[in-house]
Each structure stands twice: as C-alpha cells, then as structure tokens.
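Chemist: If you want the building blocks of each chain, they are given just below.
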Amino acid sequence: MKVRVTLTVNGESREALVPVHKTLLEVLREDLGLTGTKHGCELGECGTCTVLLDGEPVLSCLALPVETEGCRITTVEGMAEGGRLHPLQQAFAELGAAQCGYCTPGILLTATALLADRPSPTRQEVKVALAGNLCRCTGYTKILDAVELAALRMGRQEART
Amino acid sequence: MTKSDFAVIGQPLPKVDAWAKVVGETKYADDLFLPRMVYGKLHRSSHAHARIRSIDTARARAVPGVYAVITGADLPRVKFGILPVSQDEEALCTEKVRMVGDAVAAVAAVDEETAEQACRLIEVDYEPLPALMSVFDALAHPEVRIHEYGDGPNVHKSVALQFGDVDTALTGADLVREDVFFFEGSNHLPMEQHAAVAHWGSDGKLTLWSSTQTPHYVHRLLAKVLDTPAAHIRVIATPVGGGFGGKTEPFAHEIVACQLSKLTGRPVKIALTREEVFYTHRGRHPVLMWIKTGFTKQGDITGCHLRTWLDGGAYGSYGVASTFYTGVINPVTYKMPVYKFEAARIFTNKPPCGPKRGHGTPQPRFALECQLDKAAEQLGLDPAEMRRRIVAEPFTKTANHLTITTIGLGECIDKVVEASGWREKRARFGGTAARAAVSGGSREGGAGCTPVVQPEPPSPKKPGIGIACSAYLTGAGTAIYWNDMPHSGVITRADRSGGVAVLCGATDIGQGSDSVLAYLTAEVLGIEPKDVHVHPADTSLTPVDLGSYSSRVTLMCGMAAIQAAERLRAVIFQAVAQRLEVSPTSLVARERKVGVPDDWDRAVPFAQAVELGEAIHGVLAFPGSYAPPKRAGKYKGGGVGPSPCYSYSACVVELTVDEETGQVDLGNVWIAHDVGRALNPLLVEGQVEGSVYMGIGEALMEEQVFRKNLHKQPSMLEYKSPTTLETPEIHTILVETDDPEGPFGAKEAGQGPLLPVIPAIANAIYHALAIRIDEVPITPDKILKALELKRLGKPARVGPVKLPLFTFKEPIVVESAFGQPADAVVKRPFAS
Amino acid sequence: MIRLPPFTYLAPRTVDDAARLMAEHGRDAMLVAGGTDLYPNMKRRQFEPKVLVGLRGIRELRGVRGSAGGWTIGAATTLSAVTAHPGIARDFPALATAAGLVSSPQLQNMGTIGGNVCVDTRCNYYNQSYEWRKAIGFCMKKDGDICLVAPGSSRCWAVSSSDTAPVLWALGARVRLIGAGGERTVPLPALYRDDGIEYLAKRPDEVVADILLPPAEGWRSAYLKLRRRGSFDFPVLGVAVAARMDGDIVRDARIVLGAVASLPRPAEKAAAALVGQRVTRELIARVADLAAGPAKPLDNTDFTHPYRKKVTRVFVARALAAVAGLRDGGATSEEVA
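Chains as they are written, first to last, in the numbering used here: chain E, 3 to 163; chain B, 1146 to 1977; chain W, 933 to 1269.
These aren't lab readings, by the way, just hints derived from the structure by calculation.
Model, not experiment: these values are computed from the prediction.
Some hints here could point you the wrong way.
Unchecked claim - What the simulated footprint calls covered on chain B by chain E, stretch by stretch (three residues with Cβ under 8 Å from a Cβ of chain E suffice, anywhere in the stretch; the number is not a length): (1) 1376-1386; (2) 1884-1892.
To be verified - Partner residues aside, some chain B positions facing chain W, computed with beta carbon under 10 Å: (3) C1264; (4) P1867; (5) T1924.
Backbone N, C-alpha and C fix where the C-beta goes; we use that ideal spot for every residue, glycine too.
Please build the complete structure, drawing on both the sequences and the hints.
Modeler: Right under this line is the structure:
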C-alpha cells in the first residue's frame, strides 16, 4: 500500500509517495536523499538512526512516515543554520569527537535535544542522555568533552545576547 | 627536533574530514545511490556443516522485480583467501557449507525487500554433517574434516618455536608458575554494517566502492575470483564507519555484487544486516592458553613457555598470522631471556576469526599479565614495581630476534602509578576492612523515602586497583604476499594555486589517516593542513598502500608522505633559491612562504614558489615510497612479528566489585602510552580512549557464544557493547620517545592501548576480592562462583581446567638473540 | 537493512473506532502505539499482521490525570512523559524509575506505558531473525511446535519483560479496557496469563485505554532492575516492592518479580511475612529468601539462570531496605553489571 506523505524535514515541506511500511529512516535516506541519517541495526538497539521529532530524539528505524506527518523532523542536515554550524557540530569537529563519524549524526541530534532542555548539564547528565547512542570508536570521552564545550559556548552566547 | 620546531605537528588540530562528518556529508558505502542501481542479497546457510546436494532457484527467479539469481556455479571456480597459504573460501559455497551464515546463493532485485523475499524462496538441499563447535570437538573428531588442507585433521596451522634453553631457565628459577587462561573472543561490532556497490560498466571495466580497510588486497583478489584483469578493476574504499580489523579482507558480498552487476548490467548494492556482520565476523579468536614462566626472587623472568590453541572458525582468514601473533609479541615488553612458543589454530564450524584490534596479542597479554600479578604476590613484590624492574632494554633484540628501538614503558608505568595514587590505594583497598566505594556510574534515586536510623552494614561494594602493561607493533614488517615493492606509496602534487594534492592508497577508518597525511605534508612544505587535499584509497588513482591494519598507516604512509613532500620541497627550494640568489640550503618553508629566515621580507609566497618550481621542473608531482627495514628473523616464521618499532602502554584500573551481585563498576582508568611522538595529541588520545573502551567491553561483557550450532546473540541488543554509562573516566597520558623509525618520531596508538586494559581489570578484581577469574569476559556469575569457592575454602578461581590433547610438532630451535644490540645501521628500501 | 513486511495502516481517531477495527480484522490485525516492540518483531517476522491499527492519533489515550480517586495514565502516554510527571515521581517513585529504565532515552520518547504493559514476552530463541529461527528450528511461539529452552514442554516459557508491569502490579493498579463490545476495568493482574504465547488475558479487540492508580496514601515503592548495561537492555530480573508503613512497622506490602516467568510473579508469602512486622535486616533476609524461592528463571535471557536466581534474593533484600529506608549499599534504582 503506497501512501502520499507530507513531512516537515529541517523546516522544509517534503512530499513522498512511499509504501506505508517503509520506515522514516528508509524514506529519509532513499526517497528524500538525506543520507546523513545512518543505521546500525534497524531494530532500535543502537541509536545510530536518531532524528528529532518535535525536538525529541527518536529512532527513525522504528517510526513510520504516516505517524510523523505534522511533526517537525530534524536530521543532521538541518542542524547548521545557513552556513553557520551548530555549536555542537563545531565542538565535535574541533575536539575529535567524530572518529569514523558513523554514530555522529545520531549523537549530535540527541545532544541537541539535551542542551535545549538543559543548557548546562553535568557530565553525568550528558552520559545519561547519550546512553542510547552506541559509539565504538571514541570511548565517549571526546564526545562528552565536546557536548560540555558546546554547552559552555552556547551559554556564553546566550549571556551576550 | 623539539616540539617548538614544528608548526603543525603536535598541535591538537581538527581532523581534515571532521567537518563533513559533523554535517552528515560524508558518503559511506551505503550512502551511494547510482542511477539504475539494484539491490543484492545473499542466501545463507542454515546448517553449520553440510554438503550441498542441490540448489533450486526457480521460485526466486519467478519473483517480479528479480533481475538475477546466482549460485557458486555462476562464478569462476576458484577459491580465495586473504593469505596466499589459506585459499579456502568461496563467495558462494558450491560443495559444502561450513557454518551457519555461509553464503550459498544471491539475488539482485529492484529493491532490497524484493531481493530478501526472493532469497527466502531459494531452496537448498543439504546433507548434514556433524558440526564441530569447539577446539575439543574438532580435535576429537579427525574423521570429520572441515577442510582438506592444513597441518592435520581440522588443524589449520601448527607452529612451534624455541629461542634458547627454556627448560634449564625454568629449572633454575626461584619460582615457576604454570597457569591456564581462556579468552572467549569477540566481534568488532563496527557501527557501520559492511556495504558495497559494484558497477561493471559497458566498457567492460569494473568499479567497486566498498567499506573496506584494504582496497589493494580486495583489488588483487577480485581479479583472481572474477577472472578479470586487475587492470580493468578499480576499487574505491569509501570512508569506513568503523573497522577495527573487521573489514580487512575481501568478502562474499563484494564479489557477489560485482558478479551481479556484470549479469544485470546495472550497479548493484549489497549492504549487510547486523546479523550478517556477525557471520562475516573475522573477530577476535577464542584462545585457550597455558603459560609457564620462571621468576627470580627479585621478579626477573628467567624464561617463558607459552602454548596457545586458537578456535579459528570455518575459514583461514588471517589465521596463520593470528596464530603467530599469539606468541611472537610477548618478548617485546619485558626482559625475557629465553622463550618457547607453541600454537595451533583449529577449524570449527563457526564464523571465521581473524584480526581484531590487537590481532592475536590481547589474549596472551591477558595470560602473561595476570600471571605476573600472581607471581608478584607470591614473591611479595608490588606488581607495578616488579614490572618497572623488568622492562626490556631499548635498542636491543628480543629472544625471538625482534628489534626493539625506543621504549617508554618505564616512564608509562611511573606516570600511571603516580596519577592513579597507586601506592596509597593499593594499601588501602583490598583485604576485608570496610571501605568507601569508588565513584561509579550508576544512577541514584528511586525509593523516595526518609531513612530510618539503623547501623549501616558494610558496603558490599569492594574497591580494588590493578595494573598491566603491553607492547604492540607499529606496522607489520612484511606484506600479506611476499614482494619487494613499497608497503606504502604517496604521490604529492603541487598546483599553481598553492594547493597540494596528496594521493595515497591508505583508508581512513576513523583513525585519521587522511589527516595525518595532510599534517605531515603541511609540516614539510610550510603550509596549512587545509591547503592539502588528500585523495585516498582509489586503486586507479592512488599508489598502493597495503591497508589500514597492523597499526601501519601513520608510520608507513607518513614516511612516504614526508619523502614525497621533501622531494617536492627540494625542487621548490631550488627554484626559489635561483630567484632570490641564495643557496637552497639557506631556505625554509613556513607560514605559506619560502625564504631565508634572516631575510623573511623577501620570502616568496608558496603559490608563487610552486610556479617558479613548475617553470623549471615541469609538473610538480613527486612520489614517496616506504618499506620497513628488512629485519625478519632468519628462521621459518621469522616474518611475523618484526615491525619498525613498538609502542608501549601501562594501565591502572580502579573499580569496585559488588560481592553480593558480582557486578563490576569501573571507576577510573589511567593509561599512559608511548606513542613515540603525538603527531596530533587529540587524535592519539582518541585512539587510546577508544582502545580502552573496546578493552572494557571485551573484559566485562561482550560474549561470543554459540548454542545449538548458532551464534547465540547476533544483535546489537544481546551482544553487549558498553554505553556511556559503563564507560569510566579515562585518563590518558602520552609519553614521547621520538623513535628514529617513525615519521617525526611517531609510533602507533590505535591498537596497543587496548591490550593492558583487560588484565588490569582482572588484576583489580583480584585486588578487591582475592578471586581470580582466568577467563574473559569476566561476568558477574563467574565472580559469584569464585566467591562461593572462596567461602568453601577451595581455590578462589574460575577459569579453564582442561587442555586439548594435542601434540605440537617438534619446535624449530633457534639461539636466543636476547640482549643483543639492535643493528647499528638500519637499511630501509626506497629511503633515497 | 532489515525491513518491515507490508501491511495496511489504519489510523482511527477514537478508541472505540480502534476496537471496532480490531474486531473487524480479527487475527490479521495488531495494535501499534509507540511501535518500539512491534516493529522490531515485525522486521524479524515474529509478527506478520496484515493490518496495523495505529493508536497514535487518539488524543484520549494520552496524558496523566490526577484526582481524589488516584491517578489515571492514558495508555499511549510515552514512557518519558510518565517519568517526567511530577505527580507520578512524587507518589509512585518506583513507576517513574521503572519507566525511566526501559531501554534507551530515544525509545522512552517513543514507547508508551500501555505498550510496555503489553510488551511481548521474550526468549532468546524467539527474539531472532526469521533466518536464525529457521536455522535452529522454529519454536512454538512462532512458526514451530516445540520449545527450545525446555524441550518436551507443552507450553512456551517466554519471559515477561516489562519494567512497568511488576511495579503497577505492586501499586495495585487497574486497567480500563475498551473493546468492540464495551468497556471494563480490571485489576492489572487480570491482564496476564501464565503462558509465553497467550500472555495477555484480554481479548484481541480490547484496547488498553487507561492505567488507574489508587491514591498513594502512605505507600512507598521501589523498583530494581537487573540487566547488563545501564541502557538498551530488557530486564532479566525486576523487583518491585510497595509497602505501607506505620513508623517502622509494615502495614501492607506487595512484592512482584519481573522477568522470572511468563507474567509478573507476585511473592505473596514473602509479602505476608512483612505485614505487622518491624523491618530489621533479619526480617529482610527472611523475606528475601521467601520471595526468591518461587523464582525459577530458565536459560532464555541474558545472564545465566542460576545467577539470576541468586541475584533475586539480593535484589529483593535491597528493594525492601530501600522502601524501609535502610541503606544497604546497593544502588537504589538500578543494578548494572
């Protein structure tokens, strides 16, 4: 059964005619060309395919487009504003938080939601928030460092404006 | 050179590919979508061991949207394998399947769903054979042969080497220990599942994009198995989403994608599921180990005798090398005057094991370091001090003729001992007194009620602290196939824009090889890393690099890149010298200029310097080549183990163990790593932290278990990879020894630091509770079992008790080279 | 990629419509709320419904409402929302804890409390791909007729793997079910059957609409979960304890074990031994032994089953100590090996 879905992805309205059983992950990657969203298991067991749905991290491998119509979907491609990187992206690049980079989009989005909710999280809070995103390269150390650095910078920016 | 002499080297710079990775632009293999592309899927065996009677693909072919269905009969009948001595694989099995998950047939279809549906309709008629699921089974049933070749029935490889008179050395020791250990083995679990896209063009040329760490070896093997000239095959390694050794050889899905593309005339993608990644495997070998070592009262090693039995799985893979690696690196760490080593790799009906981070060495390292801990206790020595005392000497040879250059291990031990508060904690933790718990990662809260005042019982969480050390090679000294060509090649081309292109076959698997190439080139040419454009891993464009394995890339590509850049710089200097009317030797390149330091105002901008050079020399493109010094021991098997230099690590782990539940809570890990020189400390730390992490997973939770002939848990959920919550704070200390063999003194960092973590955890658990878990992973149930034994007054040890009945062949006996000075003159081929 | 099989997706706007659609499509249809349990199972072909009835668009199923009569939690309320609700956290800390320990943060944002209460029973011979199950020989829970964990068994031993169910049971929760033929409200225990396959006692057309909690009124609660990691993993042992205290005397107590059987398993004798008693360490030890006695884990989850059995006693003791306000060294919310 094919359905026409209208998804709001990264602020843009995108239409697709897709089988209803195609997951959001598959539609983003295969129908909308947004391959920044990765996958590591497709069963909800690794966090790699995380996107934001109305600002909350969810697993795109377990979401159906028909269930996400009317929601704001944010993928890694939607994090930068214009030519300006999100402070998390900047910090991840600077601190070597992306090694192979495959888990990076999902982690960036989870961290985005965390910082929106808690602008200055403790390290333990960052760990708890990122506990649903596996990374096999970094030992998480540089990832945690980068989230802390981004939080600090965003806090300063906030203070200035 | 000192740090201040460098402009780029030693700086904590971002990786050159970091920006693409954080915005989601990096194209991994599965991100490629070509016009008219179709999807391939493999039909895999449901039997662990069976003869194939027939394969019926008719129903699969009839499915609408199916373009091709193939079996092994549709491929040239030629076996392959990564090592020339183990050509035992078929992309699609024709006569026999040797494990659940062996590929038997394949489908290409309009989409993955259709391909999967068609795959399920393929019917294979099997004649089941007995499945041999362990080393013991395989040796007990020589009448059931998994392969027809090898060093005996189901024995893939057997080696025995002896360096000096070990028996006498052990007889003369004050203490001789014999211990048995088991290491269960593990999967790499890269976040990216393997994927490949093949396009056999109408011009008869084949291009394969693949998530591979070794495009050169894939290139060679494709030519062989597809019976097509290598000159018409191009292999491009896409950025690899995690390798750790799991993508280091050609695989069925790559070969099949190519063949399906040929048959359908379309690009074909095959992306493995997570479960298929577990079948593709090539992970850490399960190894059973017996180790006998003699010690003096002071803690010196008099000699060591090690036996290892490797559970190889169904195919050869890198197994011959793995077998050697369980023995040959051990003498590199401590003074070990004589050494005997016997090993056998046994075929079983499980996914084939191969190289995983540390290839063959974490297992014996676990054995040796735990045994040292036991010996130190018996001798009344502090385990850190004992290790400090016996660290090998720099610029000497080991018993087994390996050449050690620099060693920073003493300093590594000192640094972790100091940073961890080792002495104080060693005295305070352990024993039976009530102690405070070490900070852990578990979340608090839940009951929501006010405490009633009653005397608090002693905490069940007992703290402990343990240490271990290790060494690892910086690049294998020999290639997979014997040849006299470079191991690594670079072409560096300057253009009139001032940009510099670096072409190199190396594959960036996240370790940062593209970045290292840019840093080294920028350093030599006095430009910024951003000015360097790295073009990696394309067999049509880039000079061969053997691949991202054995921690060889930074050193070997690095040396080649420096050579190429220096050749380019020489020509540029010649041209600028003419223009400025100075001697080329008076020139320096820095800040994107070339000039005389004392007359910097006249310095020529780099882009202009390139134009001057091009005007004189023509196109500015220069090769760099590297091959390691030829140091293979002059005995059979001497080719495995030599490396330009060895890295060293020391690790201290602080943890608590809950004596009621057996749960281990890691508090802190301190690790000091002798990296020679940190070309970029940020990247080196990242490699060390990642190694520690992977070691933790293997030590405590990653289980590679089979039940009823199947992998028990081929999923991300049930194969337990540590999350942020199980990963402790990792304190990394870098030690620099400026090794003469490495690029600007650098040694490896990507594998060695994994090794000491596992025994350090085991030793810390012993310190906490006085129980020995002599097998990995150390799970809570094993801890409770050991505590139960302790309560019953029995030896508080859980570990293997049985060794296989296996007669090793007579050893090759060689004089020990222990303590001999390293050769004064190092001959490196291609060093101009 | 592992992908979903085809199906028709229906999105009713009311619970009544959902129940009606379920009745209409019978065995072909399944309900889906968060999808976090259903979709992985469908991808592995453990479930192959032709029709999915989505509950996401039904407003009345979402939200937490408090009243004098207690709390009402709409079944499609996400686990994150349950955890974050200040009233729940105050009155039923064990429930907030349990919901916050389900799988991963992402999954808690998607998964619902109704879904967790109805989560499929698990077995590591069953939660595997179609190809894996085919290779080992299909079991009676799907596609086969034997039990692989207890050969010769005529029943399925798949394990109840809900974190919230044992807690809700201990808290005396009821569930409101709406079916095609009308609605009924039953005690939560009446929702379960001791069978790994037919583990729910509700009719297939019945939709769990609300979870009703009585007023807290002096009840304290705690939940301890055994699993390998602090995230992702299902419970391989859950211990829910609720007690009403009068000073340090126990007036009422319930102990319910999760992941030791095909349904949450109340430890009634153990709970009874607490009532009227002053909580001491000696009492806790005795009660923990009583509670752990009936637990008979089989070798079909993570960890060895003898280990899970051993830890049951420890966890019950720790949960009791937490509820009684005795510190006992262990973490109060979660145990991770």
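Chemist: All hints are to be evaluated individually against the structure, with a verdict given for each.
Modeler: Hints versus structure:
no. : hint      : verdict
1   : 1376-1386 : holds (count 3)
2   : 1884-1892 : violated (count 0)
3   : C1264     : 9 Å, holds
4   : P1867     : 7 Å, holds
5   : T1924     : 7 Å, holds
This entry does not satisfy hint 2, going by the numbered hints stated previously; all others are met.
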